[in-house]
Amino acid sequence: MKPLMAYEQEGHYHHPKVQFPLDSDSYKIVDEIGIGVSAIVYKAECIPLNSTTVAIKSIDLDQFKVDFDNIRRETKIMTLLSHPNILNAHCSFTVGRRLWVVMPFMSGGSLQSIISSSFPDGLSEQCIATVLKETLNALSYLHNQGHLHRDIKAGNILMDSNGSVKLADFGVSASVYESSSGYGSGSSTSSSPMMLTDMTGTPYWMAPEVIHSHTGYSFKADIWSFGITALELAHGRPPLSHLPPSKSLIMKITKRFRFSDYEDSINKGKSKKFSKAFKDMVASCLDQDPSKRPSTDKLLRHPFFKSSKGSDFLVKHVLHGLPRVEERFRVSKILRKNDVDDDDEDDVEGESGSELVKQRRISGWNFNEDGFELDPVFPTESRDDSLVKQVRFGGETIILEKGTSESSLNLNSPEAESSLVCSTTTPPCEEQQTENTFNAETMVGGLMALKKSLDDQRQKVSELINLFGGEVMNKEDQMVQLIEKLRMELETERQKNFELEMELEFLKFQISGASYTDEND
Amino acid sequence: MKGLFKSKPRTPVDIVRQTRDLLIYADRSPDSRESKREEKMAELCKNIRELKSMLYGNSESEPVSEACAQLTQEFFRENTLRLLITCLPKLNLEARKDATQVVANLQRQQVHSRLIASDYLEANLDLMDILIAGYENTDMALHYGAMLRECIRHQTVARYVLESEHMKKFYDYIQLPNFDIAADAAATFKELLTRHKSTVAEFLSKNYDWFFAEYNSKLLESTNYITRRQAIKDAKLLGDILLDRSNSAVMTRYVSSRDNLRILMNLLRLFAANQNKPPDIVSILVANKSKLLRLFADFKTDKADEQFEADKAQVVKEIAALQL
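Here the protein sequences line up with chains A and B, keeping their order. Residue 16 in full-length UniProt numbering is what sits at position 16 of the first sequence, and the numbering runs on without skipping anything. Residue 121 in full-length UniProt numbering is what sits at position 121 of the second sequence, and the numbering runs on without skipping anything.
A couple of the hints might just be wrong.
Here are the computed lysine to any residue pairs in the SDA-like style, where the Cα-Cα straight-line distance is at most 25 Å [to be verified]:
id, chain 1, residue 1, chain 2, residue 2
1, B, K46, A, S82
2, B, K169, A, S82
3, B, K197, B, Y215
Everything labelled a hint here was simulated from the structure, so no lab data went into it.
Turn these sequences into a full structure, and let the hints steer you where they fit.
Written out as structure tokens, the structure reads:
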């Protein structure tokens, strides 16, 4: 068995690479398709190359979160990887204080955006198998190259209009070959090679050993996240995502929280039937013991992936009738604004805060195979000696689009209904489903057209106002910008506050634990 | 086929020899039939991959130090490294990456507690010329750059590069529009100026004039924001070197130049005016607060210069007020 040789047959010989221009003037920005704390993703056209459509990730280098070395690593990895299931960068260059990373435009957007827009209750098993198999090919290639992705989730799996699937966002990926811990000057073998110790990723998808381990983690941490991603695609969101990373979270943790909506929905008989193969595949990825989780190559041979289909299948069953990625982004942006207006703390957190920081102390995870769920185990005693580690978000975790999961459900209720039907994978229902989708589709299409024409008119009016020297629009834009900035600041403050509270909670635990022991003595 | 007849597994020495033979073949102009060549190139790539597995281990086995030593010895016994470097553009992307990792690893392998890579490179210093020129080739820059950074771990190699004409080119490479390549060149530049302190001190004392003139004008005052920001960060490293006792002569020279201090002050003023202060730079300044204040306090101009004194006072005030 030589897993390292597995992909060699593909023979990535260097075909002449198209050189993308390295100046911002050569690109025309068409639309905004994603936004994160320190990066914006645009849809753009590369004018000198026949106006080829591209995606540009514009990273704010002044943002405190940005670590220069992380960015360098990300762009280098994106340049040097070559695999049909991995999103490469065409090029990257600086524009003032921002770094532009030019990438192929994936018109389907991220799987996260797709499910939150049109499949709030998850994709069908065949679709999941197809998407995950492609993802696994990419992961296998990465692992054989000595790279960990460290942020596998539906938000980082992108789809193109032809149904091809690509793994993206290497903002936090690491190479075990370059890991500084492994090599001293000559005497390297003492510290374990092939192991990383810093903590990076997005908490919901994070493997327990990444959160806890003192011995480090390796490739198997990606396998865990892969398992979580499978649950995400099956249920429409990752396990535990109904828990906001805010103050209420601590309350829930200390109270040994109840599973609220997520579990409810499962117990209300809406629960989907999943095949034995699927459950088995996910269970193997979510093994507590990293060494018992399968490698990518072993996972690729799992019977579950026998049901995977070609890209045409995804075009037909996933992309068909899907709003365009820029439209989905606009909708999610509006929803986000509404959330802010509602001033409902948890909602805001659940949405935009979800990309900031979520941290919690969990002593372990139990995969509940019957409920196809992940049950966290919380420390019962404060004797748990593990420190409260800070979840660090190296680089950026966004790409293309991140939508709301909960709120989009409310807005697109017709669609939500139709995809509910879709998820019950029985053939007779599927016909019915296409009808339903059609209605919802025309509805959404009509509304979109109306919205677009309103936007156009608005644009024209503002141009006229500007022409006559008025500054109404500018002011409004400024206000929007200001609000956005303030919102970011608020998030940061809230995050800091949350971290402190966690710290405090932990210290309280320790104190109460200590006094308890004292009394016993 | 291997495995079918349980043929004797190839030794590390066998693999290195075969790799070398295939490199010699690849190096020749492609006069033989295309199909045969493709086959041989594929075999070459496979061999390089095997070398990598031996040196780094794979998912099933850890590297064996005895095998690594044999491999290293055979590799440097003849001119394999030169062949590998010159043939690199002819390999596919995956093989290039493997080769880069092999070269990186070999720099650290000890044979009879000697870094024989260092001995080899000392006799083949011109290889550095090829590697450095790689920054001018978009396809090769990242591979050659990574190799170069590994080679300058050896002090003699670093000295060669520092004292070569190439040193001046780094100022241009760091400002290349291609971010990956510019960042890689910046990383190499930083490595050159920080790894071997005594060599750097020697270099700075000999090349003081042009080096700091270029550093100030091309990096610290660059129109490229990232270059400027990175240069300020690196200046901290340079500062450490200058403040090192072995470099005190250079330091005295640097800070006794009013131009240098002016630039430094202007940067600090710009920085103070920046509302969005990058925290990495703040922390550097805070960490070196007392050092900087001492530096400015000790600094006296020959003639009274009111403007200079006013600027100085302003900067000192700002530094003193900085906190995390």
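Right, here's what the structure says about each hint:
1. A hinted pair counts as satisfied when its Cα atoms are at most 25 Å apart, and B/K46 with A/S82 qualifies at roughly 17 Å.
2. A threshold of 25 Å between alpha carbons decides the hint, and for B/K169 with A/S82 the separation of about 30 Å lies outside it, so the pair is violated.
3. Between the alpha carbons of B/K197 and B/Y215 the distance comes to roughly 18 Å, so the proposed pair stays at or under 25 Å and holds.
The structure does not agree with numbered hint 2 stated previously, though it agrees with all others.
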